[in-house]
Amino acid sequence: MRIVLHIWRQRNANERGRMVRYELPNVSEHMSFLEMLDVLNEDLIAKGEDPVAFDHDCREGICGMCGCMVNGIAHGPLPGTTLCQLHMRHFKDGDELYLEPWRAKAFPVVKDLVVDRCAFDRLIAAGGFISASTGSAPDGNAILVPKEIADHSMDAAACIGCGACVAMCPNASASLFMGAKVAHLGLLPQGQPERHRRVKAMVAQAKAEMFGSCTNIGECEAVCPKDIRLEVIARMNGDFLKASFADRSAGDGEG
Amino acid sequence: MELDSKFPAGPIETRWDRHRFSLKLVNPANKRKHTIIVVGTGLAGGSAAATLGELGYNVKCFCFQDSPRRAHSIAAQGGINAAKNYHNDGDSVYRLFYDTVKGGDFRSRESNVYRLAQISLNIIDQCVAQGVPFAREYSGYLDNRSFGGAQVSRTFYARGQTGQQLLLGAYQALERQIGAGQVAMFPRTEMLDVIVIDGRARGIVTRNLITGRVESHLADAVVLGTGGYGNVYYLSTNAKGSNATAIWRAHKRGALFANPCFTQIHPTCIPVSGDYQSKLTLMSESLRNDGRVWVPLKKGDSRPPSQIPENERDYYLERRYPSFGNLVPRDVASRNAKLVCDDGRGVGETGLAVYLDFRDAIERLGRHTIKERYGNLFDMYERITGEDPYQVPMRIYPAIHYTMGGLWVDYNLMTTIPGLYAIGECNFSDHGANRLGASALMQGLADGYFVLPNTINDYIASVKLEKADTSHPAVREAESQVTCLTKRLLDNKGTRSVDSFHRELGKLMWDYCGMSRTAEGLQHALSEIPAMRERFWHDVKVLGGGEELNQSLEKAGRVADFFELSELMCLDALERNESCGGHFREEYQTPDGEAARDDDRYSYVAAWEFHGVGNRPGLHKEPLAFEYVHPAQRSYK
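Listed in order, the protein sequences are those of chains A and B. The opening residue of the first sequence carries number 1 in my numbering; numbering runs sequentially from there. The opening residue of the second sequence carries number 1001 in my numbering; numbering runs sequentially from there.
Next up, chain A with everything else stripped away, as it sits in the complex (with noise of 0.2 Å):
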């Protein structure tokens, strides 16, 4: 089938970048999303043109590396599904595609679709963590987790880290990925100790990465190719609240 792609092209961060169009009269439906980026680059460089940059690694779905707005929904059209796990036979003949990089003032293009996740990274380090040093452990069995909870924050440690959830909403909110790991280690009782100070370092990071606020869209719902559930940002917002009142003096993070 014959497709059309129109692609964000910006050489680096600094430089202002444009939509270019590129035609593909031959993709084959069993073509992956990015596979058909892959011939549109061969096509590129054998005219001695500069390939479209796009971040990708395991294309399994799971690294969380690869991802653009395809049509303005990030990850494209599919729910559930990264870019990668993409493939054509969603697609029909004469598809337009429109294909921009997340748009985010915490993620910064690098070059054409691919941006800097790093405020991400800087979440974690800021409390995002178990603080159980290499050693320290005593038997797996001593920690009783029921199976429900233990399901439960399996369902949240599924986010990739992708950053779709950031992209598509209109806040530019970070709260789907943060209240994931919240949940996910809040609701062992492993995280109890640093449950508190966990929620309250986290938010102050990213205020000062400059991540907007939620507001309840449901947009990062929508898009997230692991499924990760709303309820998770409730989450963060109780244990907020609850670390605000609770105890004033702990956390390194203003709050």
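If you are wondering where the hints come from, they were derived from the structure by calculation, not from laboratory data. Mixed in with the good hints, there may be bad ones.
Below, in silico cross-link-like pairs of lysine to aspartate or glutamate (DMTMM-like), each with a Cα-Cα straight-line distance of 25 Å or less [as the list claims (entries may be wrong)]:
| hint | chain 1 | residue 1 | chain 2 | residue 2 |
| --- | --- | --- | --- | --- |
| 1 | B | K1252 | B | E1622 |
| 2 | B | K1033 | B | E1466 |
| 3 | B | K1621 | B | E1002 |
| 4 | B | K1024 | B | E1466 |
| 5 | A | K105 | B | E1548 |
| 6 | B | K1102 | B | E1627 |
| 7 | A | K147 | B | E1372 |
| 8 | B | K1493 | B | E1554 |
| 9 | B | K1487 | B | D1539 |
| 10 | A | K147 | B | D1379 |
| 11 | B | K1371 | A | E231 |
| 12 | A | K47 | B | D1499 |
| 13 | B | K1621 | B | E1586 |
| 14 | B | K1371 | A | D227 |
| 15 | A | K92 | B | E1382 |
| 16 | B | K1541 | B | E1504 |
| 17 | B | K1507 | A | D43 |
| 18 | A | K47 | B | E1534 |
| 19 | B | K1487 | A | E231 |
| 20 | B | K1299 | B | E1310 |
| 21 | B | K1493 | B | E1534 |
| 22 | B | K1555 | A | E49 |
| 23 | B | K1541 | A | D50 |
A partial selection of chain B residues facing chain A, derived with a Cβ cut-off under 7 Å [what the hints assert, rightly or not]:
| hint | residue |
| --- | --- |
| 24 | D1066 |
| 25 | V1128 |
| 26 | Q1130 |
| 27 | Y1138 |
| 28 | Y1141 |
| 29 | L1142 |
| 30 | R1176 |
| 31 | G1179 |
| 32 | Y1276 |
| 33 | R1383 |
The beta carbon of each residue, even a glycine, is placed where N, CA and C say it ideally should be.
Let chain A serve as the given structure and place chain B on it in line with the hints.
Leaving out everything else, chain B in the frame of chain A:
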């Protein structure tokens, strides 16, 4: 060169304890005066960097992805082994040790494997403490499942995303150290050379992938946790970015490369569908717990699977290996899939696939249970193929998945360059000629959390290193090598893309150094590769500049290294005139088609020394002694 593996003598059960006691320590207050470089942030590199930071060392950590959380360990699905014996089914440290030595077809070092089995217990405890949400039973206790090559349930898992959850545990521990200022993280930075001063590894040369800046970083020791080299084959289950550049360039600086021909073909991957295909997707081996593998009895039977009656199906693994059935180790399952396809009984459009059927399991356990166990894998299969595995059997075929070979290391995980360590998949040490399922995660974390942070103290405490700065001639020389290579690639006025060369090399390697090998085929590959490499350097076309994000340039450097490494793999495969584990030489098989080892002549680790591109490398042998598990033909019948 004398290879000293440095493992202690005496009873194997106490070797690691006694060895740890004999190692020198570094006073906590002195640790902050030492800098250690860690390259790679997967399970091995990430856990090592975090733990070294916790100990108080200054750590500089590097990865080529945008975040340390992307490392390819994240894609491991099935689980992690540990000899907890929580199920009272006869497991023990000794049995895990035994299974791993036997599974590796008697080509691994007993002392290392025993240590790995011992440490497996600590790993689970550590990961639980960090908040890894392992699967639980209703009582709250940890759940286990069984995995290929074992008859006990010792595999811990977090749905089909065990690697992801373990990696996030290590990543979060690492971020905690980054937040504390103990680890300096350099994402989107690729290591391109090792700096060796006075015979010791003292640093690395890197390229910042966004600005193109070439920089040197100096330290007291360098740790590589950079993963395997399966992408030599172009199509593999590895991430697109996985590469051998770090270990290959260390090899060129003097680190011996051990058993390069030991590659693992995973039996359950989604088959190739077109020539644009960029990678192969693994379906977790855990699927073989409930899925049954079969092909039609008749050749060229093109009926849809639902119309092939029971008595016209060949459940060939259950037939040939009644005691292990569908749970035979990976090498055995892969080779059998190839045999039935070569026999003309493969299924699907290309005839290069076999069925993995869940019909009986769904009947027995119900759709709900199957969904709970494998839901995400079934979804992934459907997304890629457009077929619903609850209705139609999956089609699977073997694909390159893991490399058991890697840099030679001693018991301390140090390479033959003093001060240079290799951990995780990038070393050769624990899996012999075949790795058992759920053992890669175990090894990565054992090396990173528990082995290296103990052994590296001994080196730091024993050596007196001269002060060195970036004006040292060795630093200048390494930097200029890197800059020259970049310039050579960019100035080349060729006509073909990097990928086109990579595909060509990958196909040659798959055909002649893949699932089965012959002397004739390997000789053919050895005559083709240098010519292909020449064509690459003559005709490769890399657009763009060196001082910007340039993904073609990154790939070109990695493929250039694959062209050299592939030659060594073929040579090693040709020299090893036996079949063992993943290395199957057609000339050496038993009358019923199983791998025939030759313990008299090949019970050694082949460690190769680099003598220049195109020159024959030197072979050093580390003899293997089996004091505990006595070599026998591996039987899973």
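Okay, the hints, checked on the actual structure:
The suggested pairing of K1252/B with E1622/B holds, with an alpha-carbon distance near 20 Å, which does not exceed 25 Å. Straight-line distance between C-alpha atoms of K1033/B and E1466/B comes to about 14 Å, which keeps the hinted pair within the 25 Å bound. Between K1621/B and E1002/B the CA atoms are separated by roughly 9 Å; this keeps the pair inside 25 Å, and the hint holds. Pair hint K1024/B plus E1466/B holds up; C-alpha atoms about 20 Å apart against a cutoff of 25 Å.
At most 25 Å may separate the alpha-carbon atoms for a hinted pair to count; K105/A and E1548/B meet this at roughly 22 Å. Of the pairs offered as hints, the one joining K1102/B and E1627/B holds, with about 13 Å between alpha carbons and a cut-off of 25 Å not exceeded. Under the criterion of a C-alpha separation no larger than 25 Å, the hint pairing K147/A with E1372/B is consistent with the structure, at around 13 Å. At roughly 17 Å between alpha-carbon atoms, K1493/B and E1554/B fall within 25 Å of each other, so this suggested pair holds.
The suggested pairing of K1487/B with D1539/B holds, with an alpha-carbon distance near 15 Å, which does not exceed 25 Å. Note on K147/A and D1379/B: the hinted pairing holds, with a Cα-Cα distance of about 23 Å set against a maximum of 25 Å. About 23 Å separates the Cα atoms of K1371/B and E231/A, which keeps this hinted pair within 25 Å; it holds. Simply put, K47/A and D1499/B have alpha-carbon atoms about 15 Å apart, close enough for the 25 Å limit, and the pair holds.
Pair hint K1621/B plus E1586/B holds up; C-alpha atoms about 24 Å apart against a cutoff of 25 Å. The straight-line distance between the Cα atoms of K1371/B and D227/A is roughly 16 Å, inside the 25 Å bound, and the hint therefore holds. Restraint check for K92/A and E1382/B: satisfied, since their Cα atoms lie roughly 19 Å apart, inside the 25 Å limit. A threshold of 25 Å between alpha carbons decides the hint, and for K1541/B with E1504/B the separation of about 15 Å falls inside it, so the pair holds.
Restraint check: the Cα-Cα separation between K1507/B and D43/A comes to about 21 Å, which is no more than 25 Å; the hinted pair holds. For the proposed pair K47/A and E1534/B, the alpha carbon gap of about 23 Å is at most 25 Å, so the pair holds. The straight-line distance between the Cα atoms of K1487/B and E231/A is roughly 52 Å, outside the 25 Å bound, and the hint therefore fails. Restraint check for K1299/B and E1310/B: the C-alpha separation of about 16 Å stays at or below 25 Å, so the hint holds.
Between K1493/B and E1534/B the CA atoms are separated by roughly 14 Å; this keeps the pair inside 25 Å, and the hint holds. Of the supplied pair hints, the one linking K1555/B and E49/A holds, its CA atoms being roughly 17 Å apart against a limit of 25 Å. With a C-alpha separation of about 11 Å, the suggested pair K1541/B and D50/A falls inside the 25 Å cut-off, and the hint holds. A least Cβ separation of about 6 Å between D1066/B and chain A falls short of the 7 Å threshold, and the interface hint therefore holds.
Satisfaction of the interface hint for V1128/B is found here, the shortest Cβ-Cβ separation to chain A being roughly 4 Å, below the 7 Å cut-off. A cut of 7 Å between beta carbons decides the hint on Q1130/B: the least distance to chain A is about 5 Å, and the hint holds. Annotation: interface hint on Y1138/B holds; nearest CB of chain A at approximately 5 Å, less than 7 Å. Interface restraint check: Y1141/B against chain A, minimum CB-CB distance 5 Å, threshold 7 Å, status holds.
Annotation: L1142/B was flagged as interfacial toward chain A, and the flag holds, the nearest CB pair being 5 Å apart, inside 7 Å. The interface hint given for R1176/B is met, as the beta carbon of that residue sits about 4 Å from the closest beta carbon of chain A, less than 7 Å. Annotation: G1179/B was flagged as interfacial toward chain A, and the flag holds, the nearest CB pair being 4 Å apart, inside 7 Å. For Y1276/B, the shortest C-beta to C-beta distance to chain A is roughly 5 Å, which falls under 7 Å, so the interface hint holds.
For R1383/B, the interface hint holds, the least distance from its beta-carbon to any beta-carbon of chain A being 5 Å, beneath 7 Å.
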